[in-house]
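Novice: Dock chain one against chain two, each of which comes alone in its own frame, and use the hints as you go.
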Amino acid sequence: MNDKKGMIFSDTFKPIIIFIMMIVLMFILFSFFEYDKGFLTSRNMRMLFTHMSISAITALGLTYVIAVGHFDMSFYLVGCLAAMTTSYLNKTDLMMNSFMLGNIHAFVIPAVFAGIAVGCLWGLISGIAVGIYKLDDMVTTIGTGFIAFGMAYFYTKGSFIYDNFLSSGITEINDAKWFTIPFPIILMVGLYCISFFILSRSKYGRCFYATGSNKVAAVFSGVRVKTYIIVAFIICAGFTSLAAIMTTAAQGVGNVKASLNFLMPAYAAVYIGIAVFKKPTVIGTFFGALFSAIMLNGFTLMALPFYLGDLIIAAAMIIAIIASKIDWASIKRKKSVPAPTIHAN
Amino acid sequence: MNDNATEIENGFHISKLFQAQYGLIWVTLIMMAVFAIASPTFRTPGNLLEILRQSGLLAIMVIGLTWIAATGEIDVSYGDIAAFTGVMTAVFLKAGLSWPVTFVLAVGLGSIFGVFSGILVVYFKFPALIATLAVGSGLAKSIARWVSGGAVIHISNPPGVVYQIVYGTFYGIPILFIITLAIYLICREFQDKTTLGQHLYALGENRQATQEAGINERRILMSLYVFSALLASIAGVLLTAMVASGNPNIGGSFFLDGLTVVFLGAMIIKAGQPNVIGTLIGVIILSILGNGLTLMGEYFFVGNIVKGILLVFGVVVVMLARKRNQVEGKFVVA
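Protein sequence lines correspond, in order, to chains A and U.
Residue numbers for the first sequence follow this note's numbering, beginning at 1 and rising by one.
Residue numbers for the second sequence follow this note's numbering, beginning at 1001 and rising by one.
So here's chain U without its partners, still in its complex pose (with noise of 0.2 angstroms):
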């Protein structure tokens, strides 16, 4: 991938736009165009800055699972950490707290879930899939359940300043996405221009070889749980600023599409390995096609579908990515 970055930088040509890498963007310009003729609402700049506002909140929740994805291993628990922490929030507020406090006691709480599963997962080396399986839909997504009863928690819409973040416009784009903008780009500063960034790569690539090389790969995969489960947590408090409301059962609709945005962005700028940039182009894809979807009157399960074929259409091509990178001449199993 490399030399595909440094050709890009090397100049610019027309034919370079047709790449694999950039195949993604292609279709998400004709499935806009798409969507904007067949649907008049869906081409208005109040429907497309909504768009952007709405790709914020899964944008925060997934660059925890863009690097674990990453580093190979892989992250199921951030959907229902997200809803955890979006309970907690309801549950603080309604007991009186103010915001500041709320915000930093759910979050607080939210990670201790991502340490718990980066304990499991590093030092008593569960397969990644079981631990967040445990951590997220067994105990976060439970305990959620058994903090509220069962139910939803209402809470009255909140104060100015995180109504402003939530809903606010800066000139017209959406505050939130502002947000979500600066932390992917300071995301992309620390993936791309330090050591640490380059590490978490060379853990996908070969194991043995970065544990040979000195890389302490238990202090980077523990981090990256706590910082998957943080980043969540700050998207689950954000999610109920949103609704005004605490839903313990949220967590599931957030599993599909985190998945697939990261996978579909790791066909974008990197090919074939998951990226900040790519995965907050994958988001807006998936924003896009969900708003119009629903804006052509399909049902939801047709964006199910739609999402669930992405998907396995970024795992092959992945793989395919992959497979080019490989060394030549390495014995491939039949």
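Chain A extracted, bound-state conformation (with noise of 0.2 angstroms):
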């Protein structure tokens, strides 16, 4: 193990290679057969890293429910009444009357940010229902989420929103460049780097895993688990939220139906992080996230029909979990040694 003299890996640094290590196999493989297709083409990249952010983020909120300990199953359908609350307030009068800054409506602002703390106070319900009331998270969230999917169609009664997308300026979430790189990569980098100091690198992310390992223990180690809980489910809705508004953005029409499919891709990324890093971890979920999203893109550019992505995707992550659960050295022994379960609850 680590102890040894003379190791040069660490046990942190081993899962980032066997990632990077998949990650440029997948890159070889893709550039080799759709070289004429353009794969390794910087447009193609910075519609995979595009693509990829949404999904991205998505899964990073789940990282942090997951680290606690628990199941999310809310935040697809939440996301889609953040996004059709954004939308709505782009519909409004409101919003063509603001004044503008560059070429956006100023208004346009405000109604992301509603459509997030939207979001955010759902999270604030699941988390206070599995936290304090211990109601059981999985059939809880399902159906505060339902109730949440319930109140999307309220405000259109379930049909489109195309109303001011093209004039407020909403569609720049998406479109917006900085130095030739897309907005939502910029995003998407800027979430992660901020969780990785708070999950890994700070007093705050201890806890999270903390409560996630031996709540009783949390408990006496003075660790705030109800508190922790909360804030995991808020973070895990509102950057939901914030990616089904994005969707929106990029789609150009406010749908109920924005974030129905966030569902797989974000427990496929989180799993395949953990099968690999044996907890959930930031850097876990982006590259889990990222190996989804070359996967797809190479696989899109080879001509699949689009309802293949979640089987590949559920293919993958349940090879990675497989994989991850042998225990290698033990097959070599002919022993049987019973697997580790990755989750303490």
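Calculated directly from the structure, the hints in this document are not laboratory data.
Each residue gets a CB set at the ideal place from its N, CA and C atoms; glycine is no exception.
Covered stretches of chain U, going by a simulated chain A footprint (3 or more residues, C-beta under 8 angstroms): (1) 1120-1128; (2) 1140-1147; (3) 1298-1304.
Specialist: Laid out in structure tokens, this is it:
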């Protein structure tokens, strides 16, 4: 293990190296097979990372919830409500009457934050239900999520919102560039950096993980377990709301089902990360999201139908977790050792 | 809960009807009264029997989920497995196979997903949610879309016998509901009268103790996931027979309903624990609710909100009942 002298790679770097090798392998494969389709062009890379930013931000929020040892099944439904709230505010007269900031209307900013705030409110409700009242996390969040999804329909009874999307400047969330780097990528990198310092380099991060691994021990160590669970759910709902609003901006239409397909990619990114790092980490989630994004992009260039995306991601996740559960050393020794569980609830 | 059960057997008393575990039945009766007053269509016998017929499909689909939830695990793949089997049924029928052969093939294929999620949960120690999510909305749904090319496959109306099963009536009562009731009564006998049925609840109460008592936890969980997929597949074939088409995207519409009925059902009969008779009553309650709201001209998403509230309400009652059943004096985290 680590205590051996002369060990070059610590346990922290081994998984990163595994991931980088996997991703480089994917890159080489796709550039080899799809050179003529332009996999390695800068335009495709920009597109890859812009697409990735949405699922990556969602997965980052989910990482917090998994870190405190819970599941959230409501985030993808809450995102729909947040996206519809922003789209609805975008439609109001207030939007067109507000002054201009560059090429966007100033009211876009409060509209986006209102959407995120509605999402956070739902995270707060789920967090209180799970953290303080100790309800079963999966089933409760499915309940609260579908309440949010039902509320999302109230704005327009389910029809799309097209109004003001082209004129208000809300699409700049997706289209704006800073030194040729699209804004979603900057947002993603920024959020990942902040989350990395919170979860991996601060005492708050320790408290999140302590809550996840043993609640009783965490309480006795002076960790405010309930607060951390509630905060985790709020962060998850808030990040998903942001991602859903980004999707809305990219599509240029307010859609009730904006974030309905976020569920699978987010869980896949987090669990591919866990499979390699053995615990939910920011770096693991990032590589998990990058891994799925490269595969999706590569297979899309191969002209595979869109509905195979979930199949590929699910298969990758299953293979990654199974590979992490097999104790390779014990197979050589023909000795059965019980596989370690990644979840300590 | 055993105490409650014996109490009821010992003697009937009016006050027992107002106990917590019968609360939901009162809610249902009030709900039915309101709908019956508000909508003249609702109170026709034809509509009430239609409610029973519609509830049959969901009822068959969620028996497996009921028992999986009783052991403390979860299964979210039933809807997508049903959709997959529905698509396969349509494909096989288009290819010219007969109904019995199609039924066996489609149900067999659907059950493979149960074997798969069972292996992932039992042998590879996946969290049950992740395993069934990957198998259901990852594999089953994508393969169904792949096979059907992403579109709905239409078939001709089923022949006499199959049509009778889904649409026929026996002395006015829908045959589908009679079949459902028979399955539920058999499952109730299994759940309450056999040792294996008791092992399910033992697993839900205390995993460690169950294992040390020598109960084969792995075999029980494995067979439960296969059983769940099997019944979801049967429901999928019935669904295709009913609507004469195979739709790969229909699984999502059963997702919330299935979980809601199981956790509503956990409020009845065995306080705090999912059980088959409770689930059946839950399915009927949800059908009444959906039917009544539609007839009163409400939008479908109002139903989503009401179901979500009912689901949370069910979880709260289940948790309160479990807390009461737990041994007193145990340390409870802040």
